[in-house]
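Trainee: Here is how the chains run, residue by residue.
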Amino acid sequence: MSAPVESYRSEPKNVYRFGVFVLAVAVGITALSTRMAYLQLVQGPAAYQAAGDTQETATQSTPSTRGLIFDATNHPLVTNVVDYSVTVTPSDLPLDQEPAVASRLGSVLNLDPIYIETTIDSTTGSLYVPVKIADGISAQVARFIQENSDVLPGVKVVVSSKREYLTKDLFSDVIGYEGQITASQYANWKDLGYSNTDIVGQAGLENQYEQLLRGQYGTQNVLLDAAAKPIPGLVNTTSSPVPGDSLTLNIDTYEQTIAQTALAWGIGASKVTKGVIIVENPQNGKILAMVSLPSYNDQLFSDGISDTAFQKLISDPDQPLLNKAIGAQYAPGSTFKLVTATAGLVAGPPLTAPPENQTVGSLSPSIDTTSTLLSQPFIQIGQYKYKEWNDKGWGPLNISQGLAYSSDTFFYQLALLVGLDKLTYWADQYGFGKSTGIDLPETATGIVPTNDWKQANHEDNMFTGEIMQAGIGQGYDASTPLQLLDAYCALANGGTVWQPQVVGSIKNGATGVVTNIQPVAMNRLKSQDGNPISPQVLTDLRLATRQVVTSRHTNNLVDLPIKVAGKTGTAEFGNPDKNNVLPYHEWFVGYVPANPYVDDFTKPDSQLAVLAFVYGANTQANVATEVVKYYLMMHYKLKGDPFNSHTEGYIPSWVTRTTNFYGLSAQD
Amino acid sequence: MSILRGETLRLRGWAPKAGWLAWRNYDFQLTTYAILLTLFGLAMAYSNSVGSSHVPLTLSSPFVRSIMWAVIAAVVLGLTTAFDYRWLRSLAWPLYIINIGLLILTLRIGTGTGEAGAASRWVVLGGFAFQFSELAKIIMVVVFAAFLADRQSKIKSPWTIIGALVILVPPWVLVLMQPDLGTSLVLVATVTGLLFMSGASLFWLGTLAAAVVAAVPFVWSKMADYQQARLLTLLNPGADPQHAGYQIHQAETAVNAGGIAGKGLTNGSVALPVSTTDFVWGVLAEELGFIGGMVVLILFGLLLWRLLACAWRSTDPFAMLIGCGMATMILFQVFVNVGMVMGLVPVTGIPLPFITYGGASLVSLAAGLGALQSTNLRRERPEW
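Listed in order, the protein sequences are those of chains A and B.
This note's numbering applies: residue 1 is where the first sequence begins, and numbers increase by one.
This note's numbering applies: residue 669 is where the second sequence begins, and numbers increase by one.
So that you can see chain B by itself, here it is in the shape it has in the complex:
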């Protein structure tokens, strides 16, 4: 009941600024870039569904599923935009608990695919496979933003960093147990970016970074063989052409094949591993070429610019940190995924936001962007 009352109060406070004034603060550019990137993702899903052999589309084709997920994502975007983001700050801890519950559920009943065989990353519900680790990325942005916003008065204290790490560890360990190295890295990158942007002590952050570097040999010894192999392969791709290095070789070959203008949608012919997900950039580069790839990269740049602009204009540290967290997460994923396909970083299972086929990723991004738009709408003072 108290929640209901609180909602009424807040709605009352917000009501005078409803209408055109609120929509003046809506960042249409941000949504536009997101939609354009999603359209590229749909194009890739179409290419992967139809292929050069023109397989007929069915209800289970990635393309049809992607359209469905895009519609769901649009609904989620609308709902989260309408939802007052300040509620999220109070809901952060319940969300954190739910998040951990979902990750445990994934470990218990999840199924997996891929090279490790033992992986359990997907929860199949009513015919839909959902990856809760994608949702975890967004939830953890909200949780860290709430935590750091609450600590603005003592942000320079090393306890801020230690507290953030204590919050990080449970979901991080659960994700690693799946095992999902990619998502665990995204979580680390996100918390690092948020600590930096929240104004945490650079001295203590630097100290922590040094400690992590010192711990590398220990972590290396604990890594799964395939994870070690991937790192080693990055250092010397020629050494293992059939397996991990073969993926990189094929991916680079696909990017080579694209040339300036690409082969055209569905005309890609270089065999790529997991071409609908982790290596989708290879398909995109081969079919749409340098021009198409640059369009997508520029769209990502613009999207990140708008995310940072939203953060900069925000009137509330929680809102700012949501924007910065989203930006960190997307930047990291874009850089690692695209860089992986082009041989700049090791092969890790990190999806390319908006482009990679996968409902969980798209819906989670929509929820995050909706929350950010919600901060725009509820900014007390317009920028202009």
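Pulled out of the complex, with its shape left as it was, chain A reads as follows:
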């Protein structure tokens, strides 16, 4: 430890600089310790709890399996299929690689790379939010993209579920479609667990049964990373999704198909575009078929409808998206004479505001089946002539004859006789002017004009002529096709207005328990004194509607082996043509007894009622009657010529038609 020791030290060390370094270490460690003490001891866990509800976790929903829809014979009408879509997350795609990725993606997806780049660049949201590039790609392409993710940074394949509508346009008006949740739907449903990006039912059953079909979305808490993206694996499921309920309709595909076939033939034959056919069981309100033409293919919506295609649908004057059976109202025409006839046959309460020539306190006038009213070429009120439809009349008619000939002058007089109040009372009893209660989004409820209604809309009371028109379903009268069918169902079943039901049973998505929908009576017909309507009145009216057919007012409908009763309607609307003839809709609503081969309409046992409506048909023979006849022939699988060859010349296409439907022989 002497001289040689010193000689080993090759360099003198700078003690000051070492001192500065040691000081730097001390200062550094002290600074960190002080900050640590401040954060952990001074602020401490209290600050953490205060910040506890910041963004460390987020609740996410896990979609449930949407319920399916089956027809009455349990054939699926709607299924769910896997849908692959491609997204790009801008924050994961380096700018300098964007053109290369866009061109690779473009060649795989068969898209213009410029479109892809524009889509990515024009997104206004956070860079961390994926931008959808393509939808509905094939599983093969999806797999290819995932396998090549190393050259496609930021590109992801998102797997989701979408609806597959299996029947094209056959059930579209009934089933509807799904779409992006609207602001008002979100406001109404957010407490039920809906998010503002959900896809929900927007029309038809998809909308009506939205919550049942959807089931319950599951929720999970996910831990978020710095970019507020869920960290894989750190997921805490708080509730599992509950599958949605499945619906089984009262409609079966065959009935719907033949109904559509009959209607399509009818509107084609009369060279128009719009029409409705509805089939219902009068005993319980079950809807057995419902077709509104023109229709649309609901799969378009599931596949992601383009703006141009959607604009085309909503700007089409024929309103293909509208279910015209429940969403549009038309003048019911002579079919409405059922209401006037009922008002005539049922005694009313003492009058408070009597028609002319009646005294206050007297019984509201009624007729019986033997009373006659004189049909005549026209009835003149002031300067206006209210014409008989054949411009001649048939002389004195009782009510059966009045209905059978559909005499307008008979019912003008009857309407004036019973008065507006009694007429509107019975219209209300039959369900006109209000919701039918059907399990579909119903957007029209019809009009039954009263003095109050006219004051509200036209600031005047109903004129005498208008009351007369109200008695024959013209003027202000408006009804949806379904309301009219329901009224005739009430006639056919002895006085009950049932709530129409499209869905027959609901299968619980979680338990598998099937619940059958029980029929609901909307109303049981009763007279103004509160007593149920006399069964005899309805029997008389059923026999009268049978006479409509047997009198050949409906041409050869009576020649069918099955027995049909019903009523035609021809309702003028719009503006007259150059011959001063108004265009007119054609209606027929009919029903058959439980045993269709026995001509007995005294029993209220009908299980099949059909309504056909052809918008602006303008045919000489009532094409709606022919549509119903065609439907019934297919329904009962009758042999023969459905095309009414003896009316040759009225509707030329009837005789040139050669297509063979369901074993029916075409024109011989």
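These aren't lab readings, by the way, just hints derived from the structure by calculation.
Keep in mind that the hints are not guaranteed to be accurate.
[What the hints assert, rightly or not] Computed cross-link-like contacts, DMTMM-like style, restricted to lysine to aspartate or glutamate with a CA-CA straight-line distance of at most 20 Å:
(1) A:LYS162 / A:ASP135
(2) A:LYS454 / A:ASP421
(3) A:LYS13 / B:ASP984
(4) A:LYS168 / A:ASP252
(5) A:LYS13 / B:ASP893
(6) A:LYS563 / A:ASP605
(7) B:LYS824 / B:ASP984
(8) B:LYS890 / A:ASP96
(9) A:LYS507 / A:ASP135
With chain A's structure known, arrange chain B on it following the hints.
Mentor: Relative to the frame of chain A, chain B by itself:
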């Protein structure tokens, strides 16, 4: 052949002092502190692997990988300790060339993760991702130490500083191109510390510092957006809560949550970005609390003390500078990483030595410490 001959000669010269005398000079404290810090790192890797949801361990879990890397690091520590550090002085320039080659290789074939997306920082070899920029830190300590030791006679010349900067620029640019702002800052800090400790002119160092400050506006304009955002976020963390500021917010929340004693290992619940690497201190502070954090900070303090002690006792400027370089590098990384988590310095991707999960970092540290221990063993004159 000449290398082989040289080795024989040196071994002969060293041989008489072999055995117990050499091991008397071994700094057991230094190694002990390093091992203890590594054990903390393993604990954090375990916590990150298992988590509060008790994910089963697999071969690819960070914990299992960390154990493997710790074993490799121990082997490297032993080998570099046995290796005569004076060889490093002559090998410094070949190492420098290899280092630049590896950094170019990283840019060419590297892959990256993280917010920038375009980053290429990792080279994947046989299933192992290796970050050569970690190795670059140690190699550059050796290169600068060799350079400055060679210039001891004219150390005050401004050319010493300029020469050091010329050496710094190629690897620094390559690291920035990855882009790895953190490592580039570590390189600058290391060369600054080494210049200071080597006795370089304070006047010229001060002049250089002033020049750098003057250049700030220019550099700012060249920075990547995310780098600018991070700096801005440090100044006002509330302005951008979802992104860069969100990281700081979450990190501070995690440190808050720890309290005095912590929530216990694996019980951390505050979501942290890159919790196994850059933000590992957040996990440590939350799970081990103030007490655990202070233990680690004190261990770092002791480790730095031993590094400086080794440097002080060295008999050779090269050895001294290796010790000082290691100390500068570790101090800078500890201060920036821990300070970043606690909101004292901007967010940069700088790992916490020994604690951060990552084989390259640990193995490189082991190599550096081994070299330093090698200087201890080969000190010609014992201190006592």
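Trainee: Next, verify each hint and record whether it holds.
Mentor: Comparing the hints with the structure gives:
no. : hint                : in the structure
1   : A:LYS162 / A:ASP135 : holds, 11 Å
2   : A:LYS454 / A:ASP421 : holds, 13 Å
3   : A:LYS13 / B:ASP984  : holds, 10 Å
4   : A:LYS168 / A:ASP252 : holds, 15 Å
5   : A:LYS13 / B:ASP893  : violated, 44 Å
6   : A:LYS563 / A:ASP605 : holds, 13 Å
7   : B:LYS824 / B:ASP984 : holds, 18 Å
8   : B:LYS890 / A:ASP96  : holds, 17 Å
9   : A:LYS507 / A:ASP135 : violated, 31 Å
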